[in-house]
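Asks: Letter by letter, the chains look like this.
Number of protein chains: 2
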Amino acid sequence: MTDFYKEHSKVYVSVDCIIFGFEANKLKLLIGNRRMDPGRGEWSLYGGFVKENESLDDAANRTLRDLTGLDNLYMKQVGAFGAVNRDPGERVISVAYCALINVKDYDNELREKHQLKWIDVEKMPRLYSDHNEMVRKAINLLRRRISTEPLSFNLLPELFTLTQLQHVYEAILGEEIDKRNFRKKIKTIDFIEKTDKIDKITSKRGAALYCFNKEAYDDDPYFKL
Amino acid sequence: MTDFYKEHSKVYVSVDCIIFGFEANKLKLLIGNRRMDPGRGEWSLYGGFVKENESLDDAANRTLRDLTGLDNLYMKQVGAFGAVNRDPGERVISVAYCALINVKDYDNELREKHQLKWIDVEKMPRLYSDHNEMVRKAINLLRRRISTEPLSFNLLPELFTLTQLQHVYEAILGEEIDKRNFRKKIKTIDFIEKTDKIDKITSKRGAALYCFNKEAYDDDPYFKL
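The listed protein sequences derive, respectively, from chains A and B.
With this note's numbering, the residue at position 179 of the first sequence is 437, and numbering never jumps.
With this note's numbering, the residue at position 225 of the second sequence is 483, and numbering never jumps.
Put simply, identical chains are the same to the list, so a pair is met inside one copy or across any two.
Derived SDA-like pairs: lysine to any residue, alpha-carbon spacing no greater than 20 Å straight-line:
| id | residue 1 | residue 2 |
| --- | --- | --- |
| 1 | K334 | D388 |
| 2 | K443 | Y427 |
| 3 | K264 | R293 |
| 4 | K264 | P296 |
Calculated from the structure, these hints are not laboratory results.
The structure displayed is predicted, hence computed values, not measured ones.
Next comes chain A alone, as it looks inside the complex (with noise of 0.2 Å):
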């Protein structure tokens, strides 16, 4: 093989996936002890080494299929997280990406075995090397982008209320919103759809279901919510 860069050095590169759940009107962040050295036993984020012949995109891929069975999850990437000495162990740079994904979807014998858990992104323990960093930025992210890309949806089941759907937007942006004004707005997208079917489980009069339609969607993409 040709080597034109030989004056220079090569690093480790790693992915680390930030994978956010909803449950109970809260934020969730699966996370884990860290099996490895060094920092083994420290609260720590799932990751993996990038193979030689291997995309980015196909090692957060990889590492999340592993980690919860599922493919085609709603996955971003936050960014690259490159200090000198940011891993103790080695020069390693890591790219870090989020999964959003429905708690309910998730194989608890899969988190069993892999002795994960589910915390509050509120009650966020101290984790291994710039992890609380990456949850930081990829909240960050959720935050800018949810009122302007369908990713609500990738939290909550298929069908859904429309109190669901306002505590999704309530525990990523954080805050209270108002139930008048988030009503209004969501009669306008055409997008969120009122489905015949009635919820008898979180209300007891019984609450319309709704549905994401992503062909509508991707007819008009554009909304402001």
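Position chain B relative to chain A; hints supplied.
Replies: Frame of chain A, contents of chain B only:
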């Protein structure tokens, strides 16, 4: 040195700088002909390899300083680009950064020494590797942020007219905006301050010059334009 991760492979990591300027009401991009193999002679962004004892941000700052002679520029990470064959020479993962500078601040001798030129982003040629995609992502990042972050001032001289400011918005958004609405909103923004100076170069009748008050912005950084 210990090697905790020696079963994994290392890769080259580079940074690429997307340098935007503003001139004659157009958003400009600084590009040059690549001066190394492979791809020698192709249009390219200006980049460099990350050194062993240098953070990603430091590598980007160094590259930018080499190129422009300027320090403390407005700079944002655009993202990591990691397709396996993105570089025809070797496996290289590149982290793109974008910077905004005022074209007039940039030393023309330095530009000529590096054999670079300002081009219209609307008339961008085919660039080396995935550099066109990097530029496209950087423009999307500016578009998403221009209405809530004070980034446009980095493209303007210290004192500017409201017409110049409007042209920066139009150049980044790629569309005309309504002058009356724009001025009405500008009036509500405390950190855009009218000075007692008048510009008689771009306007015969004389246009009031404004400045960005960073202290006022830091005091109350929330705005929506």
